[in-house]
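Engineer: Here is how the chains run, residue by residue.
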Amino acid sequence: MSRYAVNSLLYRLKKDPEFRDRFSRDAAAAVAGADLTESERAAFVARDMRRINELGGYLHLVMSIPGHAAH
Amino acid sequence: MGRIVFGGAMSHVLDPDYYERACGALGRQTVVAVMAEIARMGERLSARQPDALIVVADDHLNAFSFNCVPAMCVRIGRRVQRMAQDHAEAFDKVLDHMPTEYPLHEALANAILEQGMEAGFDLALSWEAPVDHAFLSPVNTMHGTRPIPPLVPIFVNAFVAPQPTARRCFAFGQHIARVVAKSPWNVGIIATGGLSHFPELSLPRVGETDTVFDRKLIHWMEAGEHAPLQELTADELHKTGGHEFLNWMVLLGAVTPARADVRYFGELPRINLAAVEWRL
Chain A
1469 MSRYAVNSLL YRLKKDPEFR DRFSRDAAAA VAGADLTESE RAAFVARDMR
1519 RINELGGYLH LVMSIPGHAA H
Chain B
185 MGRIVFGGAM SHVLDPDYYE RACGALGRQT VVAVMAEIAR MGERLSARQP
235 DALIVVADDH LNAFSFNCVP AMCVRIGRRV QRMAQDHAEA FDKVLDHMPT
285 EYPLHEALAN AILEQGMEAG FDLALSWEAP VDHAFLSPVN TMHGTRPIPP
335 LVPIFVNAFV APQPTARRCF AFGQHIARVV AKSPWNVGII ATGGLSHFPE
385 LSLPRVGETD TVFDRKLIHW MEAGEHAPLQ ELTADELHKT GGHEFLNWMV
435 LLGAVTPARA DVRYFGELPR INLAAVEWRL
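Protein chains in written order, with the working numbering: chain A, 1469 to 1539; chain B, 185 to 464.
Next up, chain A with everything else stripped away, as it sits in the complex (with noise of 0.2 Å):
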């Protein structure tokens, strides 16, 4: 379980926005070098708030991601 790499990766996609704008491109890339589980890396990869939220990214992180909000 990497519960500081999820949230650390959901951080940076709400407070950097080159790091966001690379994640909208082409989210396998962007997480690439993330020190993720295979679980993990497919719900970044999907785009699935829902699911990262189930493997313990934080509730108000996934709700506030400027475009990629769950809401």
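Keep in mind that the hints were calculated from the coordinates and are not lab data.
Heads up, the beta-carbon is just placed ideally off N, CA and C, and yes, glycines get one too.
Check each hint, because a few of them may be wrong.
In silico DSSO-like links for lysine-lysine, alpha-carbon gap of 30 Å or less [stated by the list, open to error]:
hint	chain 1	residue 1	chain 2	residue 2
1	B	K277	A	K1483
2	B	K423	A	K1483
3	B	K423	B	K277
4	B	K400	B	K423
Quick list of the computed label-pair ranges, beta carbon to beta carbon [unchecked claim]:
hint	chain 1	residue 1	chain 2	residue 2	range
5	B	R463	A	T1505	51 to 59 Å
6	B	V216	A	D1489	33 to 41 Å
7	B	A209	A	R1515	29 to 37 Å
8	B	F250	A	E1522	14 to 22 Å
9	B	G208	A	R1493	30 to 38 Å
10	A	F1487	B	A291	36 to 44 Å
11	B	P346	A	T1505	20 to 28 Å
Start from chain A and add chain B according to the hints.
Structural biologist: Coordinates of chain B only, in the frame set by chain A:
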């Protein structure tokens, strides 16, 4: 000798557009109603001419991320900035049109911090942490176009387990009351957040609340029964979506044994909106 001249607590996403998107026309109508009560609370606060306003609230992983999550943090310094967020979504959007900088009451913040350390509260301090909607939405709703008194923002970690206990938050509030009593200032204090929403911080459960739990809290606050509130556990707060009640526990410690008057309580599918004021 200083005095706490006002004590209040309220929900902290005070944005009709947000609640209309989340809950339709009823959402807008309910938040407009709670905002009207909060504005009236602000008029009563201003009438007492406070030298400072302490705001006890939580961070939503904006000021503090994963470099450090303090259990309780006193924001010191001379000024505090509004959180910056490009293309803000959801609850962050409420900040968009608010002033970007606010004066702090440096001497009161330092007194709470320094005397707190001497009294055994291992408080964190920050000169740089910005404040998000949890602080600024209530403060701006209360004051409208009137001047905002110098603030003392106090952060409580409501969301990142393990959180401080309800009992410890209450004890910290009692400490604040002692500091104010020894000071020369008239001080207002508000706590923000809640009531019940986002149980277990689970996305599929957004839209659920625990009104039975909230009514129990309200009953104890109205009756001035603060002992059972100190028994609240982290597990209970997590399951009921009562995380932000920890902020209210600090306020309760500061005003105990005062009784509360509920100015507004409105149920929505997403959250129970509330505004409460204490008889001081």
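Engineer: Each hint needs a verdict: does it hold in this structure or not?
Structural biologist: Evaluated hints:
Distance hint between K277(B) and K1483(A) is fulfilled; the C-alpha atoms sit about 14 Å from each other, no more than 30 Å. With a CA separation close to 29 Å, the supplied pair K423(B) and K1483(A) stays within the 30 Å bound. For the given pair, K423(B) sits about 27 Å from K277(B) by alpha-carbon distance, which is consistent with the 30 Å threshold. A C-alpha spacing of about 15 Å is found between K400(B) and K423(B), which places the hinted pair at or below 30 Å, so the restraint holds.
Checked against the hint of 51 to 59 Å, the pair R463(B) and T1505(A) passes, with Cβ atoms roughly 53 Å apart. The hinted range of 33 to 41 Å is satisfied by V216(B) and D1489(A), whose Cβ atoms lie roughly 37 Å apart. A C-beta distance of roughly 31 Å is found between A209(B) and R1515(A), which places it inside the suggested range of 29 to 37 Å. Under the hint 14 to 22 Å, the C-beta atoms of F250(B) and E1522(A), about 19 Å apart, fit the expected range.
Take G208(B) and R1493(A): their Cβ atoms lie about 34 Å apart, and the range 30 to 38 Å holds. For F1487(A) paired with A291(B), a C-beta distance near 41 Å keeps the hint of 36 to 44 Å intact. Roughly 23 Å separates the CB atoms of P346(B) and T1505(A), a value that falls within the hinted 20 to 28 Å.
Violation of the numbered hints given earlier is absent; every hint is satisfied by the structure.
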